[in-house]
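Asks: For the record, the sequence lines run as chains A and B.
Here my numbering is used: the first residue of the first sequence is 745, the next is one more, and so on.
Here my numbering is used: the first residue of the second sequence is 745, the next is one more, and so on.
Hints may contain errors.
You can't tell identical chains apart in this list, so a pair holds if it fits in one copy or across any two.
What the hints assert, rightly or not - Dumping the calculated DMTMM-like pairs for lysine to aspartate or glutamate here, alpha-carbon to alpha-carbon at most 25 Å:
hint : residue 1 : residue 2
1    : K1069     : D1058
2    : K790      : D1057
3    : K1069     : E910
4    : K746      : D954
5    : K790      : E859
6    : K912      : D990
7    : K1055     : E753
8    : K1026     : D769
9    : K924      : E868
10   : K946      : D978
11   : K884      : D769
12   : K788      : E863
13   : K1055     : D769
14   : K1031     : D769
15   : K790      : D769
16   : K772      : E998
17   : K772      : D978
18   : K1069     : D769
19   : K746      : E955
20   : K1031     : D784
21   : K746      : D978
Hints in this document: simulated from the structure, not taken from any laboratory.
Protein chains: 2
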Amino acid sequence: MKKLINNPENVVVEELQGIAAAHPDLVKVHFDPNYIVRADAPVKGKVALVSGGGSGHEPMHGGFVGMGMLDAAAPGAVFTSPTPDQMLEATKAVNGGAGVLHIVKNYTGDVMNFEMAAELARGEGIEVESVVTNDDVAVKDSLYTAGRRGVGITVILEKIAGAAAEAKHSLAEVKAIAEKVNGQGRSMGMALTSCTVPHAGKPTFELGEDEMEIGIGIHGEPGRTRMKIAPAHDIVEMLATAVVDDLPYKSGDEVLAFVNGMGGTPLIELYIVYNELNNFLKGRGIKIARNLIGSYITSLEMAGCSITLLKLDDQLTKLWDAPVKTPGLRWGA
Amino acid sequence: MKKLINNPENVVVEELQGIAAAHPDLVKVHFDPNYIVRADAPVKGKVALVSGGGSGHEPMHGGFVGMGMLDAAAPGAVFTSPTPDQMLEATKAVNGGAGVLHIVKNYTGDVMNFEMAAELARGEGIEVESVVTNDDVAVKDSLYTAGRRGVGITVILEKIAGAAAEAKHSLAEVKAIAEKVNGQGRSMGMALTSCTVPHAGKPTFELGEDEMEIGIGIHGEPGRTRMKIAPAHDIVEMLATAVVDDLPYKSGDEVLAFVNGMGGTPLIELYIVYNELNNFLKGRGIKIARNLIGSYITSLEMAGCSITLLKLDDQLTKLWDAPVKTPGLRWGA
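Isolated chain A, as found in the complex:
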């Protein structure tokens, strides 16, 4: 295992120490239980957004804490759900009196623990609602999930719902916008290589030198099919066809296209993927009106990519364009 780490057991804590040292203007990091809140939390009268999940997907979620996006993130151990305690303390720390929205990726542990945290927070008089993302069209059920997995749309949802909360929309309104984003978003990913969980010390799965996995999950869960590596054109066609046909997106639609790197894939390849995706969508009469290209929801050092499409309307486009100021995503501020 080749990683820039010290002790595999301390990876998350040392990462959080790094985030705390790097971004004191944007976030505050609380240890034991571990959670990250925006530096000016709680923001009075604003709906607070709390997300979280296993570590190893950076910059998601901790890197998305800040103005215009999340109020707090609870990072679990690598690929392991955070505890209800972490989520509860994060929820209490950012509650500004206008309610809290939990943004939960659809994995059994995350859903269960966020539900428990929401119950506990309600018991302390905090209004809590939840939205669960489940945008991955690859598989219906999987290793850690009943139903579809929550993947790339989570990043987009956190940005758009964050802008809605910043604009002082009510909890019900922010929740409705978040649900619209999840409902109009679809994703699928693929891997060229496995990743290695630090405390496991060996690759999560084995892929031959000439193989790839289509429909991979963000923890290395199996996808739809394992096959010989193929040109970017063919890979994008497989992913994008599955994504586009699922909603379905149709000719005349305007979309936000998110080409995501899995952690070990360089930007030069992501632009080649974007080029293929743009050509594919043109062929379907679908226009990319906004885009995001980079490694934002990762699987440690896995090589590969995922494609997420969100069908846009004026409301969503305006919220996407609004200023955001976080360690991982920033513009207009």
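Given the coordinates of chain A, work out where chain B should sit on it, guided by the hints.
Replies: Only chain B this time, still in chain A's reference frame:
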């Protein structure tokens, strides 16, 4: 070779097509000869900054074209200098009448070709000055270089000189600021894995399963030493000691610390490296006043990192903080 590409021969052109499709609001891409200019080029009365070099280091340089940073970038083939023709056409395309500054990394081919392009541009009546970056403390001469290699400081210099040009400083002033940044900046990098140049089809060098290369160049050129992999703490100590002792940075200094990923290293590891660097510098009495953490000057999919320090003063800090709006670096706009 596992890459998200089509034909290895078309990697750069397809990447540029992707950039053109993704960012028409920020940049325009010209093909044959290949160069990228900011969408509103030429900007009248502003010093224009032109950089370039081999592809494979994305987002550098093409991703840094836009308001507050570069006016143009000339991308060569992967790890190959662009031609004087590309640089000349880029220079002419962005000349706004206030002169053009060429930002050149110290590699023999880049230096020679930029010199030729500058001569040709002068022949057409354009005032051209050059600054050469040579911040890599690892080795004095190397495979492609007489003297030190230009690495991480190039990213920082392009941002700071770009802000100075945006503020309508004169060509002489922008050049002086750029030279100050290079003079006060030092870097060193390391690799956990090799990278594979697409048209070569096999790793540039071989590293054992338990080995790393300290002082690596951004094209996989050999560094100072090959050794057994070590904890992040020890790696940072080796890199940072070489960097700090070279200038020398001294107690009381304020620095910009840039922790860069080589392309295949995930953000979670870069934050662990940043944490170690922050602790190391504290021990030396050096304060990190600004930072940049991410993969900005890469070596295709190489796993590894580099550390760059820039000694700050009020002028440089203010220019660093100024708004920038490029595909690869953006804030305040």
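Asks: Cα distance capped at 25 Å. Does K746 pair with E955 within a copy, between copies, both, or neither?
Replies: both (22 Å within a copy, 9 Å between copies)
Asks: Using 25 Å as the alpha carbon limit, work out where K790 and D769 are close: within a copy, between copies, both or neither.
Replies: within (20 Å within a copy, 32 Å between copies)
Asks: Give the relationship of K884 and D769 under a CA distance limit of 25 Å: within one copy only, between copies only, both, or neither.
Replies: neither (41 Å within a copy, 38 Å between copies)
Asks: Within a copy, between copies, both or neither: which one fits K1069 and E910 at a CA-CA cutoff of 25 Å?
Replies: both (12 Å within a copy, 22 Å between copies)
Asks: Could you figure out if K790 and E859 sit no more than 25 Å apart (CA to CA) within one copy, between two copies, both or neither?
Replies: within (22 Å within a copy, 56 Å between copies)
Asks: Given a CA cutoff of 25 Å, do K1026 and D769 count as a within-copy pair, a between-copy pair, both, or neither?
Replies: Between copies only: 19 Å across chains, 42 Å inside a chain, cut-off 25 Å.
Asks: Between K1069 and D1058, at a C-alpha cutoff of 25 Å, which is it: within one copy, between copies, both, or neither?
Replies: both (22 Å within a copy, 23 Å between copies)
Asks: What label fits K946 with D978 when the C-alpha limit is 25 Å: within, between, both, or neither?
Replies: This pair counts as between: shortest inter-copy Cα distance 22 Å, intra-copy 30 Å.
Asks: Taking 25 Å as the upper bound on the Cα-Cα distance, should K1055 and D769 be classified as within, between, both, or neither?
Replies: Intra 34 Å, inter 21 Å, cutoff 25 Å: inter-copy only.
Asks: My question is about K912 and D990: at a cut-off of 25 Å on alpha-carbon distance, are they close within one copy, between copies, both, or neither?
Replies: So K912 and D990 fail the 25 Å test inside a copy (33 Å) and across (51 Å) alike.
Asks: As a check of your reading, is K1031 near D769 (CA-CA no more than 25 Å) within one copy, between copies, both or neither?
Replies: This pair counts as between: shortest inter-copy Cα distance 15 Å, intra-copy 37 Å.
Asks: At most 25 Å between CA atoms: does that hold for K746 and D978 within a copy, between copies, both, or neither?
Replies: between (31 Å within a copy, 14 Å between copies)
Checked against the numbered hints given earlier, the structure breaks hints 6, 7, 9, 11, 17 and satisfies all the rest.
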